[in-house]
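> Assemble chains B and C onto chain A, guided by the hints.
Okay, here's what each chain looks like letter by letter:
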Amino acid sequence: MKYIKFLLIFLLAINSETYAKYPDAAGIIKKIDENMFSTNRVFESVMTINGKRSSRSIVSRTYSVGDEKSFTEYLSPASEKGTKMLKLDNQLWIYSPGTDRIIQISGHLLRQSVMGSDLSYEDMMEERKLTDIYDAKVIGEEEISNRKCWVMELTAKVEDVAYFSQKLWVDQESYVPIREDLFGKSGKLLKRATLENIKKIQGRWFPMKFTYKDMLKEGNGTVFEMTDVKFDQKIPAYIFSKASLKK
Amino acid sequence: MKIFLLKGILKDKSRSLLPIIIVGLGAMLTVLLYSWLKGVIGESIIMNANFNTGHVKVISREQAKTPEQMAIDLSLVNIAELKKELKKNVSDMDWVERIRFGSLIDFPDSEGETRAQGPVIGWGLDILSPNTKERERFNLAPSIKRGKMPSKHGEALISEDFAEKFEVKPGDVFTLFGSTMEGGMAFQNFTVSGTVKFGAQVLDRGAIIIDIQDAQQAFQMPDAAGEILGFFNSNLYDTEKAMKVKVKVNAMFASDTDKYAPAAITLQDQEGMGQYLDYADAIGGILITIFISAMAIVLWNSGLLGGLRRYTEFGVRLALGEDKTHIYVSLLYEAVAIGLIGSLLGSFVGVLISYWIQQVGIDLGGMMQGSTLMMPTVIRTAVTPTTYYIGFIPGVFSIVIGNALAGIGIYKRSTARLFNELEV
Amino acid sequence: MLEIKLAFKNLLGAGLRTWLNVIVLSIAFVIILFYNGMLDGWNEQARRDTCEWEIGSGEIRHPLFDPYDPYCYQDAHKAIDADLQKLINAGEITPILVTQASIYPQGRMQNIVLKGISPDQKLLKLPSDKLNGGDGDIKAIIGHRMANASNLKIGDRLMVRWRDVQGAFDAKEIVIADIFRSNVPAIDAAQIWVSIDVLQEICVMPNEATYFVVNDEYLKTHREALAPNGWKFASKELLLKDLNDVIKSKKASSGIMYGLLLAIALLAIFDTQVLSIFRRQKEIGTYIALGMTRFKVVRIFTFEGTAHSILAILLGSIYGTPVLSYFVRAGIPMPSSVDQTGLAISASIYPVFSLGLIVSSILLVVISAMIVSYIPTRKITKLNPTDAIKGKIL
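Chains as they are written, first to last, in the working numbering: chain A, 1 to 247; chain B, 1001 to 1424; chain C, 2001 to 2394.
Only chain A is shown next, with the shape it has when bound in the complex (with noise of 0.2 Å):
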């Protein structure tokens, strides 16, 4: 009996050390958010989608507010060029110069894949704080890209989220995760984001390349470059109007 309880003393202080070890995981999070979310931010970005039989380039240039509004010009290839997306709270609009046409994209059109990417208009859309809709915790310590990184299993403490937990490698540097793994509730791996290039810029780390990938699908998943990122910008409020879609 005295053994056990001898055990259980040292369990405890082994335990309690862990927690000593790793700083606490609200306090990361917060910090990447402080990384990675903003009041508003202009950014140029090129997403190349890797293809079964070939792989193309889109550059674009967005404004978004927040995780409430978005606004995107697609700048190349031709194709695509002068494509306008809104995003206003739940409701996405698309502009194509071509036809001259606003066209909404709603229900089970949202969770279609955007531009053949491993991106669906949701994923695009969901742009929450991870302090908003996760707890999380500190399960370990690794190094990936050379990076010394927090592994931290974050599981969702609201319902309405796309995937249940994560977990993530966050940089010990800069406090930006540098790998994304998104679970489902049953513990299946979904989703995979790669982050690297991190930069700092107004103050904040952040990465500049992000890949996606789809972990059920074949292919090689979508890569997201930022060319130049500005946070806190002063953005006029027409641009997050239908009318700026027609301009």
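No wet-lab data here; the hints were simulated from the structure. Just to be clear, a hint being listed does not mean it is correct.
[Stated by the list, open to error] Computed list of lysine-lysine pairs in BS3-like fashion (alpha-carbon distance at most 30 Å, straight line):
1) B:LYS1065 x A:LYS52
2) A:LYS185 x C:LYS2078
3) A:LYS217 x C:LYS2236
4) A:LYS188 x C:LYS2236
5) B:LYS1197 x A:LYS52
6) A:LYS246 x B:LYS1152
7) C:LYS2172 x A:LYS213
8) A:LYS188 x C:LYS2153
9) B:LYS1197 x C:LYS2172
For chains B and C alone, coordinates are given in the frame of chain A:
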């Protein structure tokens, strides 16, 4: 003598009118039955060939793994070259490229914003070239309910039921919204030139037909197509010939290692069509044999009756000293003449009616709706080359046989009985 | 009596000519029976299969549920209340939950419909008991069409991805526990059946259903109000409408065919009648001269023509009975592709020859023969007996 007999037939109504009417009716019924059966039995084969499978279909190897699930990203490329090759190697076929797609139709409100959206299955077909047969294959002109055929690029036909559901009329503009071959966003505006009703549930729920070039533009597929269908110039499916074409086409690309290189499949390779074809051939053969035999028996009987009708006349002719064989031969000549005239008239009327039914169809489905059936509800006759002569088989042969049998009686007539009959 | 004797004597006396007419008419008769019997058999089989496998005696549906619109599934479900639960316990209804999901054959995404059914249900023929157990695996049953299309065997595992009621993604492997063979494509093609408890759990739709299949008992006990509060009722006849329409269209199509065949046979009788009246003017004249009314003579001749049909029916029965009863026993084989039209059709159709069908076919043949036999005899009524005896009028 022949002209003399012909004059007799034409002038002596009592001798010729009824038999000609009977033979004519018989030939007409035979023609109708034949074309009806061919139409009914062939309906789903023809429909499948015209809409889906062609007689031979060339698709990419990757697509050939799941030929039923057309995927635009598995399309064929360099089709101009490919078609040239196909035409060179298999010249007795009409090779046509098509794009099948699934997409969304978006109807704008007065502001140009989305008023309503609906999913459609669509075809990009060569409907605008002057010599295209695609319009006939899809039976477009007769299927139009409102409006007219597309006459220029940017015009489309949509299902009548679909148009009704979304309150759309010819002249309205809509946007086709889908994925390009590479996965990009495809947008294209079209004007509804007309609405169509095919009489098949799957299509009438929501289909769109546009010109192939418009589809290539919309889905960014320059010089690409989902499939190239080959149709025999005779327009009739021939299993053996199709197999040969398949082997030949596949041999043409045997050395190509590309996953998306062309591969050929035949109509009967697809969706259990092979078994259906055999079955339809067998059933069709049996039914047509039964009907032709029935008609032959009827006209044979009619020939017998025709011969009997003229016993008195033969008696008089015998009494006048005419040779029995001469009478018999003249009887047969007359039978041939009557058979030919009757069959000609009957076939003419029969083909005319068949042709008419082939054009307009008979709608048997009434108000069938709300299902996923790919079953034609409008039945059409099929006028094939055989239709033109099938009526003559019972028409001429049977009547001649009937007369020949009836005429044997002439040789049995004795002079004594003849005078008895003449007394009347 | 005299007419009957006379008619048959005359007919049989005409020998070959009569038999040719009779043969053709008998073929028409047998074909009419065969076709209608086949369609009735198909109808019966398809209705039975559809009821046993798919719709029971009708369905109680969520008001938004439209089986042909997969996009409505997202919203068309709600909780089973206490009253419905009582009916489930009584075995009068069984709940089914429907949701959209994806599978990944060869790395390509393919949309399917995931349906949840109670493993204990006895209402439908689906082998749902095979969904029991599973040691943590999700067990699934699929139909043979789905199995063929996706190349699946019993024991195979495949990844299924779905979204729960809140839109959260999840994916898990399921195990094919059984492959059933049903003639009803509507419960088979692009569908996977799992236990309703499992589906409710993984979709976070506790105790919810999209629709219920009901049995006859339910119809009896709920005659007054078939649709429970907040649900709508789809009757068996409504659900079988497509099938009825197709059968109707097939009947019309085959009707045209055997109508033409019958016309051919009747043409022969007409021709025969015309000739026999022409040849037997003296006889007709004699009858009338002897005091028979013209009406009676018309009747004799009409009956004589009609008697063809009686002989045809007798002849048809002689060779038709063994042929048709062979098909009743062995069935009429159907090519497998027919079921791709989306209708319930079995590999063999067993024709059904009801008394009604036989009687109506006999009446059709006899009455139509009577009409064409009568038409040429109308001449008789205008006949002057003296001229007739001399053979001068017709």
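> Hints first: check each against the structure and report whether it holds.
Hints, verified against the model:
{"no.": "1", "hint": "B:LYS1065 x A:LYS52", "verdict": "16 Å, holds"}
{"no.": "2", "hint": "A:LYS185 x C:LYS2078", "verdict": "22 Å, holds"}
{"no.": "3", "hint": "A:LYS217 x C:LYS2236", "verdict": "41 Å, violated"}
{"no.": "4", "hint": "A:LYS188 x C:LYS2236", "verdict": "41 Å, violated"}
{"no.": "5", "hint": "B:LYS1197 x A:LYS52", "verdict": "38 Å, violated"}
{"no.": "6", "hint": "A:LYS246 x B:LYS1152", "verdict": "28 Å, holds"}
{"no.": "7", "hint": "C:LYS2172 x A:LYS213", "verdict": "18 Å, holds"}
{"no.": "8", "hint": "A:LYS188 x C:LYS2153", "verdict": "23 Å, holds"}
{"no.": "9", "hint": "B:LYS1197 x C:LYS2172", "verdict": "43 Å, violated"}
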